[in-house]
Amino acid sequence: MNIASFAPLAVVLPILGAALTFLLIRHSRAQRAVSIALLSLTLALECLLLASAWNGGTAAVTIGGWLPPFGIVMVVDQFSSLMLVVSSAVSLAVLVYATGQGMADGDEDAPVSIFHPTYLILVAGVSNAFLSGDLFNLYVGFEILLTASYVLMTLGGTGPRIRAGVTYVVVSVVSSVLFLIAIAMVYGATGTVNMADLAIKLGDLDQGTRTLLHVMLLVAFGIKAAVFPLSFWLPDSYPTAPAPVTAVFAGLLTKVGVYAMVRTETLLFPGDTLNTPLMVVALLTMVVGILGALAQSDIKRLLSFTLVSHIGYMVFGLAMSSAVGLAAAVFYVAHHITIQTSLFMVTGLVERRGGSSSVDRLGGLAKLSPVLGLLFFIPGMNLAGIPPFSGFLGKVGLLQAGVQLGTPLAYALVIGGVVTSLLTLLAIARVWNRAFWRRPTDAEHPDPVLLATPAGRVSGPGAKVNNTVTLLPRTMVGSTAGLVVLGLALTVFAGPLFSLSDRAARDMLDRTPYIQSVLGDGASVPGTTAVGGSR
Amino acid sequence: MSVNLTLLIVMGALYACGIYLILERSLTRVLLGLMLLANATNLLILATGGYAGLAPLFAKDTPAQDYNDPLPQALILTSIVISFAVTAFMLGIIYRTWVLARQDDIQDDIEDLRVAETPSFDAEDDAEVPAETSEFPLTMLGSDGRNVSNHGASVVGAGQEMDQPVATLVAGGREMPAEHAAAEEKPGSLNVDPHHVGPSPEGGGK
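Chains as they are written, first to last, in the working numbering: chain A, 1 to 535; chain B, 1001 to 1206.
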């Protein structure tokens, strides 16, 4: 029996975990054990899925015995299994981090025991969205993860979180309504919501209808992915959430939107009609996002703006609609999930150690805690795209694709990408200079806690200021370090990973493996020669 | 596929009211708007199923085209459940806002406003470096022979204020400290024009 037929377990296991942890709501130790165990199990399963898809085995699983195109299918190909593995690895690290934070703060029976069930449902929603081979099931996956994210965003119900939560919920609901309208229109036009079936039937529609459906879907996903004119909500809502929540949101939620955009572009609407607007949007997302980051003094807000800005790189690769560009985009998504999450996790540690996440108040952290400095420095340089790191490799791939396309707009994107990379370096260097390098006394609004710390004090991980609160618990530092190491591993194993992304990109552009794995080998794929041959 | 005109008109009216309501600042109205949008979308999905047919219960003698299309109704059921959950959650949030702030309005983001009000002049990055490079930075002579202190505030607006004998400026009939005057000339400062309150360049959406 093929391992891919166990793919639905990637959704079922976290939901099972959510149910169990909900039952164990009064026993936080058992809750922790169950959620970490089930998430590890899910990760192991997804690694097997990735291994089975590694050399190009696209497999479809029909749910409940309903044959496609009528029943729901889940599709495991290189892109979806890679996303599954990276997202689960990241969510496992963040889960360990969050439990470390909970244990350190001694909130054994705080109301946040709702955290574990909600978190696992979020993971289930993300997995469902990645695996779904059905447009409406994709919508359900989005709703699962969004509803869980509403709860996580407003965890504790403090004033700022409620304020940010309102913006977030309203924007997300509106984008979901747009998505649902698009699904209704797609169904009205074609009579199916199965994505492989749609790939065949959408080609028969006339150009105007196709463009309408295409734009509707892209706008709905664009809001979720925080692409420039639709990104205003993100820096307003992410920074107020608890540190682990912000970390996992930054890593996963926007990437699910990007994933959906990639599927829309490659599988459903493989023509080139909207590539020019996408390129313009990618350029604006990169540049406007990073300019926003430069204006911020709060590290979390700054990182949220860099998140928006780097979504632009992924759209850049997607808009090239060449195998090189798409492969670079796939690689970049995997890289960015890891790096952005680890940066937010380090910021959570900075906030614990320094008492604030505002660079106006911080100073001298590199001396106070060299470990923290190292943990920030590595992913920071990686994000900026300094040569040996995976961020550099991904950007080089994108620039290659841009130069290969060779139109004036593509060159503008290449230049914009380089400028954005440099400005990211500037933004990260500013944080580094202010929060880590200067003396605490030089801060604009010096923090009394930082000033009071005597210079010769022991301050590695596990340092205690008083007897109750551990500033840098080992589990939190350890999980952050684990994710930073994973980011480095993406650099070390960039070769195999790039060849995997390349195969994933070719398969997506070809469309035949996807459609035939869902609808059977006899399915005719329209325009295969035109699509596969010219690229 | 034929479409029921009444349903279409109702759907349009619901969309119009919904969009109007979500543009309000009052949270309860926003919630009502979202509910109307969700219901309008449900009608849209219903419309995609074509006009009414027989209930989709299998009977041997009925030809396939006489049945109603059951899929849109399954989709609507799912979307009703989802919007139910979201509505319940929004009600919870609205209640919480009321408990915390005693008002039903969307609150402004304080940090966002703060960034928006920050002048583009940054003392650390943009000030002319007067004496910092010296090994003995307590007091020293400036280029015009006067004493220049090392403390940032008084040299913040170096430029033309250097010529002023005292650290206050008379600008527009008001007297203000030199550093405020420096800030006043920068775009993005709230002081640019007391009568003009608008989004500033760095602020983003408020």
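Hints are computed from structural coordinates only; laboratory data are not their basis.
Be a bit skeptical, because a hint or two may be false.
Straight-line C-alpha distance at most 25 Å; calculated DMTMM-like pairs for lysine to aspartate or glutamate [to be verified]:
1. A/K201 x A/D298
2. A/K367 x A/D442
3. A/K201 x B/D1069
4. A/K201 x B/D1066
Pair ranges (Cβ atoms, derived) [said to hold, decoys possible]:
5. B/E1024 x A/R29: 23 to 33 Å
6. B/N1004 x A/S499: 14 to 24 Å
7. A/G208 x B/N1004: 39 to 49 Å
8. A/G208 x B/E1024: 33 to 43 Å
9. B/A1052 x A/A19: 51 to 61 Å
Positions of the beta carbon are idealized from the N, C-alpha and C atoms, including for glycine.
Range hint 51 to 61 Å: satisfied by the CB atoms of B/A1052 and A/A19?
39 Å, violated
Is 23 to 33 Å respected by the C-beta to C-beta distance linking B/E1024 and A/R29?
46 Å, violated
Satisfaction of hint between B/D1066 and A/K201, Cα-Cα up to 25 Å:
24 Å, holds
Could you check the hint for me, namely that A/G208 and B/E1024 are 33 to 43 Å apart, CB to CB?
Because 34 Å falls inside the window, the suggested range holds.
Is A/K201 close enough to B/D1069, meaning Cα to Cα at most 25 Å?
19 Å, holds
Are B/N1004 and A/S499 spaced within 14 to 24 Å by their CB atoms?
54 Å, violated
Does the structure keep A/K367 and A/D442 at a Cα separation of 25 Å or less?
Satisfied, since the Cα-Cα distance of roughly 14 Å is no more than 25 Å.
Could you tell me whether the CB distance from A/G208 to B/N1004 stays inside 39 to 49 Å?
For B/N1004 against A/G208, whose Cβ atoms are near 24 Å apart, the range 39 to 49 Å is violated.
Between the alpha carbons of A/K201 and A/D298, is the straight-line distance 25 Å or under?
49 Å, violated
This entry does not satisfy hints 1, 5, 6, 7, 9, going by the numbered hints stated previously.
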